[in-house]
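Reminder that position 60 of the sequence shown reads as 210 in the numbering used here, one-by-one numbering, no gaps.
Some hints could be false.
As the list claims (entries may be wrong) - Cβ pair distances, simulated, as ranges:
(1) 278 - 169: 32 to 38 Å
(2) 153 - 232: 56 to 62 Å
(3) 219 - 168: 47 to 53 Å
(4) 219 - 274: 34 to 40 Å
(5) 242 - 168: 32 to 38 Å
(6) 282 - 244: 18 to 24 Å
(7) 233 - 202: 28 to 34 Å
(8) 233 - 153: 37 to 43 Å
(9) 278 - 160: 46 to 52 Å
(10) 275 - 238: 20 to 26 Å
What the hints assert, rightly or not - Think about it this way: if two alpha-carbon atoms lie no more than 16 Å apart in a straight line, the pair counts; the simulated EDC-like pairs of lysine to aspartate or glutamate are:
(11) 267 - 181
(12) 224 - 211
(13) 228 - 211
(14) 267 - 238
(15) 228 - 181
(16) 267 - 282
(17) 227 - 211
Everything labelled a hint here was simulated from the structure, so no lab data went into it. None of the values given here were measured: they were computed from a predicted structure. Glycine residues also receive a C-beta, built at the ideal position from the N, C-alpha and C atoms.
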Amino acid sequence: MLIVVAIIAAIVSVSFPSLTAGLAGIRLTSEAGTVASFLTSTLNAVERREQPAAIVVSPAENALAVFTEASADKPWKKLFLSNGITLEAGESHRYLVMPGGACPRIRVVLRNERGAKRSVRIDPVTSVPQIERVP
């Protein structure tokens, strides 16, 4: 019985780092999808409401926010990234989205605690989000 427990403990100790790396990768991919959905819904809302909006990417707050004229100083929508996922940028970026206008070239890079990165980019021609791995 003791030998079986020792073998199981050895197998668990060897596979644990791979398991945590896999979970971190899944969390990063999921958060990249959430950011892409947030950006797409913002672009759709701007077109639907016919009101301009400003998308603010704030690494200090680890969040994305949308401001409209009606929301004044408070964000209309805000997305906080989950624990372990950070925005890869030095300073805040602001993107102005106008109804009926061309989509700005938005790119957000996310990084997890293991150093893996994903880039969420909005294609300025089609306004479709693209999620890519960053080497």
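Taking the hints in turn, this is what the structure says about them:
Taking the beta carbon of each, residue 278 and residue 169 are about 34 Å apart, inside 32 to 38 Å as hinted. A hinted range of 56 to 62 Å for the beta carbons of residue 153 and residue 232 is inconsistent with their spacing of about 41 Å. For residue 219 paired with residue 168, a C-beta distance near 50 Å keeps the hint of 47 to 53 Å intact. Range check, residue 219 to residue 274: about 23 Å between beta-carbon atoms, so the 34 to 40 Å window is missed.
Separated by about 36 Å at the C-beta atoms, residue 242 and residue 168 satisfy the suggested range of 32 to 38 Å. A hinted range of 18 to 24 Å holds for the C-beta pair residue 282 and residue 244, which are about 23 Å apart. Take residue 233 and residue 202: their Cβ atoms lie about 33 Å apart, and the range 28 to 34 Å holds. For the pair residue 233 and residue 153, the beta carbons lie near 39 Å from each other, so the given range of 37 to 43 Å is met.
Checked against the given bound of 46 to 52 Å, the beta carbons of residue 278 and residue 160, roughly 48 Å apart, stay inside it. Here the CB-CB span from residue 275 to residue 238 is close to 25 Å, well matched to the stated 20 to 26 Å. At roughly 11 Å between alpha-carbon atoms, residue 267 and residue 181 fall within 16 Å of each other, so this suggested pair holds. The suggested pairing of residue 224 with residue 211 holds, with an alpha-carbon distance near 14 Å, which does not exceed 16 Å.
Restraint check for residue 228 and residue 211: the C-alpha separation of about 11 Å stays at or below 16 Å, so the hint holds. Annotation: proposed proximity of residue 267 to residue 238 holds, straight-line Cα distance about 9 Å (limit 16 Å). Using a Cα cut-off of 16 Å, the hinted pair residue 228 and residue 181 holds, with the two alpha carbons roughly 14 Å apart. Taking the CA atoms of residue 267 and residue 282, the gap is about 9 Å. The hint holds against a cut of 16 Å.
For the hint pairing residue 227 with residue 211, the CA-to-CA distance comes to about 14 Å; that is within 16 Å, so the pair holds.
In summary, the numbered hints that this structure violates are 2 and 4.
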